[in-house]
Amino acid sequence: MSNDRKMYSDEEIGGLIRGIPEMTPPPWLASRIMETLADKRSGVWARFKGWLTTPQSFTFSPARMVFASLLIVAVVGVAGMLGGRLSEVGSGQPDGLVPVSFVFKDPAMGLKSVAVVGSFNEWNAEENQMKYVPEIGMWVFRTRLPAGDYEYVFLVDGETVVQDPQSVLSKDDGFGNRNSVILVKGDHEYLL
Amino acid sequence: MNICCRALWGAVFLVVFASAPALSGKELEAAVSASLNCGVSSSVVEEVERAARKGAGKEDAAGRIIRLLGNACRASLPMEMLERKVAEGLVKRVPLQRIAVFLERKVADYEFVRRLMETVGDRKPDEQLRRAVTVMGEALASGVSRKELQDMVFAFSEKELPAVTLGVEFYSYLSLAGVNRADCMRILEAGFANDSLTPAWLGFPRVVALAKRRGVNDREIADAAEQALKEKGDVKSAMMRLGFTSRPVPEPKE
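Protein sequence lines correspond, in order, to chains A and B. Under the numbering used here, the first residue of the first sequence carries the number 1, and numbering increases by one thereafter. Under the numbering used here, the first residue of the second sequence carries the number 1, and numbering increases by one thereafter.
Treat the hints loosely; a few may be bogus.
To be verified - Stretch by stretch, here's where chain A covers chain B in the computed footprint (C-beta under 8 Å, at least three residues):
#1 69 to 77
#2 138 to 152
#3 166 to 178
#4 181 to 191
#5 205 to 216
To be verified - Restricting the straight-line Cα-Cα distance to at most 25 Å, the calculated cross-link-like pairs of lysine-lysine (DSS-like) are:
#6 B:Lys212 to A:Lys185
#7 A:Lys171 to B:Lys232
#8 B:Lys230 to A:Lys185
#9 B:Lys147 to A:Lys185
#10 B:Lys236 to B:Lys212
Keep in mind the hints are simulated off the structure, nothing from the lab. Even glycine gets a Cβ: it sits at the ideal position worked out from N, Cα and C.
Let the hints inform the model, and build the full structure from the sequences given.
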């Protein structure tokens, strides 16, 4: 291979291109190029609109009609069942349970244990021990309850019964003390 | 129930209780067996027995509690609340004797409500009746007198039982929130007259309690509720009349 190739600068190449004589393209060139290009595909909406506005004809066999009818009945039935169930449990809570938090102030952390016992947990202290949160100086218990009204008290250090000082409603417990009352609404929204 | 009535009931039951013969170990066993056979909660019975073993002289009271539960069960009274109150008394370290007295009063209230239901119509023993007995029994425990309950049931006897039950529950909550009885009845009558009292209104007494803390008086509360019920409105419309707004509270983060 010879090594006598001439090296051109950009300017020289530009000059050579400019020096090429202009020629008229052959008449078949444009049509041949256009043939190789695919038609431009219209958008989904434009195609759907075209389908809607163009008269269509459909053919059904009896078997397909029966199948389609059964499918429609099944879909409507399932939608009805789901709708009914959702309306029963209230909006926003698929399981019908409402988040509820109980808090008991103890800024000095002077208590050994606090449990919340009430009608929602069969007055069982063992399963409902509250957790102390030092950052806010409070004992906290979070749960989820069905809508309704519940009586409760705090059981401090396993033996002292204390009414919730933040509760606005209370009720005579029949044993000489009072229970706090919480009303839980069904639509995941506490009043006020 | 006023203080005199409560004292009288307490005295009556204490006399009855004190005059009851002591139960032997065998009698206690028989009472336990009969109660369990009827379907009384075994965990409650066990807890009562455990409490009885902790001190001398407690067997009589324990036996009385278990017998009362068994009798109530056989009489087809709603058991849930009775069992729950026994569990509540035990966790609060209430003496067994006092639990027994309370239980007797509660059973008497339930029987009163059931008789009342029978007098106003053919109320078959179904779930609606069981709920009515429970709710109205609770209303009596909350301070509604038997006379008030009877008046309400007779006044609205043309309504369906679930509606009457809801009305009594609503009335007892309103009175718990401190609304005077006349205004409680005015609100209730507005709800029944316009068929607009729904279970959602059971949340209204909490609004009432807060409104009273802000100095709103009973008449203003009753006016707001009555107007909302007349317009078939909800609790929020009554709240707005009282100057409150409601806002959703986001679910606490775990």
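Right, here's what the structure says about each hint:
1. 69 to 77: violated (count 0)
2. 138 to 152: holds (count 3)
3. 166 to 178: holds (count 3)
4. 181 to 191: violated (count 0)
5. 205 to 216: holds (count 6)
6. B:Lys212 to A:Lys185: holds (21 Å)
7. A:Lys171 to B:Lys232: violated (30 Å)
8. B:Lys230 to A:Lys185: holds (22 Å)
9. B:Lys147 to A:Lys185: Answer violated: B:Lys147 to A:Lys185 is near 30 Å, above 25 Å.
10. B:Lys236 to B:Lys212: holds (17 Å)
Hints 1, 4, 7, 9, counting from the list given before, are not met by this structure.
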